[in-house]
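Now for the letters of each chain:
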Amino acid sequence: MIPTLRVILRLALRNLREHRSKTIIIGTIVALGIAVLVAGNSLVEASARGIRTSFIDTYTADVMVSGRTDSDLSVFGFPPQSFTEEIPRIGSYQTVFERLEADSAVTAVSPQLTGNAVVHVDEEQNEDFFALLLGVDSSSYTATFPAAIDIVNGAFPADAAAPFLMLQENQVELYEERLGVAVSVGSPVLVTSFGGGGIRRRELTVSGVFRFRQQTPGLEQVALVDAQSFRSLQGLVVSAGLVELSAAETEMLGATDLDAMFGSEEFGAIEQSEPQANLSEEAVLSLFDSVERVELVIDRGAWHFLLLRLSDPSQAARKIDELNTYFEREGIGAQATDWRDASGGFSSLATAVQLIFTILIAIIAVVAVIIITNTLVISLIERTSEIGTMRALGARRSFVFRMFVMETLFISWVFGAAGIVLGALIVVVVDSLGIRTENEFLLILFGGEQLTATLSGFSVLLSALIVTGIGVLASVFPVLLALRIQPIRAVQVEQ
Amino acid sequence: MPIVTLRNVKKDYQLGDVTVPAVRGIDLDIEAGDFISIAGPSGSGKTTILNLIGCIDTPTEGAVAIESAETSTLDDRALTDLRHRHIGFIFQSFNLVPVLDVYENIEFPLLLGYERLSKEERHARIEELIGEVGLADHTRHRPNELSGGQRQRVAIARALVTHPKIVLADEPTANLDSATGQQIIELMKRINAERDSTFIFSTHDPEIVGIANHVVRLHDGLITENSRV
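Taken in sequence, the protein lines are chains A and B.
Under our numbering, the first residue of the first sequence is numbered 1, with each subsequent residue one higher.
Under our numbering, the first residue of the second sequence is numbered 496, with each subsequent residue one higher.
To be clear, the hints were calculated from the coordinates, so they are not data collected in a lab.
Note that the coordinates shown come from a computational prediction; the quantities given were computed from them, not determined experimentally.
If you only want the chain B side, here are some residues facing chain A, beta carbon under 8 Å, derived:
| no. | residue |
| --- | --- |
| 1 | Arg572 |
| 2 | Arg578 |
| 3 | Phe586 |
| 4 | Pro593 |
| 5 | Val594 |
Beta carbons: idealized from backbone N, C-alpha and C, even for Gly.
For reference, chain A alone in the conformation it holds in the complex (with noise of 0.2 Å):
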């Protein structure tokens, strides 16, 4: 046996060797086609892996509990198509939490409340900003998110329960560019928001200047409020369980102005706040009976999601089949998803890319094993009267096949592994190259501001097992016409 195989491939690199030209034909084919295949791999798992890293770190954590819908829901809120959609609660909220606190797979939670509002930064001007609200608990955002942010102004109050407003450094910018006016720690703003079934003003300060630690094109306008104040401006006073508020007492609830409060019986009417009278702890204390039944309305009342960080990021598939299943079981409105759902469509760029990619490949593929295919017929047509001549000296059927399955493999296999070669150059040149983009789409395919690819064991895996399917498929064709020429054809052909 042994000799047999090393005829067959003393055969198949002589005959290589022999009808050079093909050879490099075929080989650059493949050489080069395996190169893109790793380079483009390593660059689209890099990406996606920034994006990923990114959008875990900042914005959604591992998994993301949130109200039952079957709309597609991110912690952004709904697409702009939802964009009148009320985003859901997370049902029997102090359940889930209790649950999810009580969960040694996770390592911190942070609930947050996501809304949409206007910025009014200078009453002599009438301009307004967009701004995408975040109400979150200070402590549980910085525990769950710690990377996330640099506070370049100001701070978080150190009080929990104060309220505050931490500006994006950017928007802060925006505001001075077009506004000539500069916002900073103490400035008040007014907002304005749209939830809850009506329009709400409140006058906020600013607390702090901040800017996010890996930029995302589209999520300049974030802005960190607290909770209670979020509330107060989305009529959203409720704690599932506790109290439930319709959305006309929301409104009055949130009002100071007594003449908002009994002027009005309509639905959406603006109630503007005075200004310097924004609403403090002790404006929704007075509310309300007692100190402890705010602090449990507000602490365990209406939140959108809560945020989780593991400890075993990998897990989180299981843990959310695992969080999905006891919310059905405890007939809880609640459900949990990964950070692909969370992160809206942002991470469906990276799931785009991948696909033009694949794509790509698979082009690449087909074209190779068309070229290749049609190489090696013209090879098997001049070499027709040798085959011929092998099966009357005896060759069987199965010498062919492994001759030319060894002449195609190898083919496959040397330029192949040049190709990775190649491909492995490439990815470190454009790795040392640093370069660096300040273009929005390019900053989400980067998944950053630098272009990084790494080479990974899983692409060069993926390529050489696309390289041998190509060796393969590529060989079929020939193989089958191979094993067809009759020893007879040793006579009827001249040499």
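Assemble the complex: chain A is given as a structure, and chain B must be docked to it using the hints.
Chain B only, in chain A's frame:
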């Protein structure tokens, strides 16, 4: 007991809608050790007879038996095995494997997975044949570095390396000049005598026909003469 028997063998070829009879009913017995010439003009059916005996083609009618084994009952694998074990081929166009050198071409049939010979046994057998055909100085030459006569000597050595009982040579001198052709036939005759192999060769050269001890003449697919010298 004849080593090859043909009984009422017919072979038709289909050329489009036209059926061309190449062999039209032949009975022939070939004895072991014969040095038999199948002679006749072009189109008389010489090559077809050799192809049928060599089991690289099958008859349309009739039976071909090699050492009493009826070939029409054998499948492709069994026919391949039979060819390897019993028949050596010498082709008009030499049909050497271009990427193998002289030594490797001769060795090739021994590497097809039939014999379990050691490397030393193979080497001894090949060296003996190389010496016998006079190519000791050309062992590592490729076919394209050899003359026509030298190539045919390689083909003869390759045909003999498996120690076949039958050696078929289809017009082995057709692509050679007359002097070289004469040498090749004499070489075959010598080996036939030394090894007691049965040599069956086709030719249309009357001088070469005269060397054979058994002459079969064909015309239009029929035997017109079957004589032993």
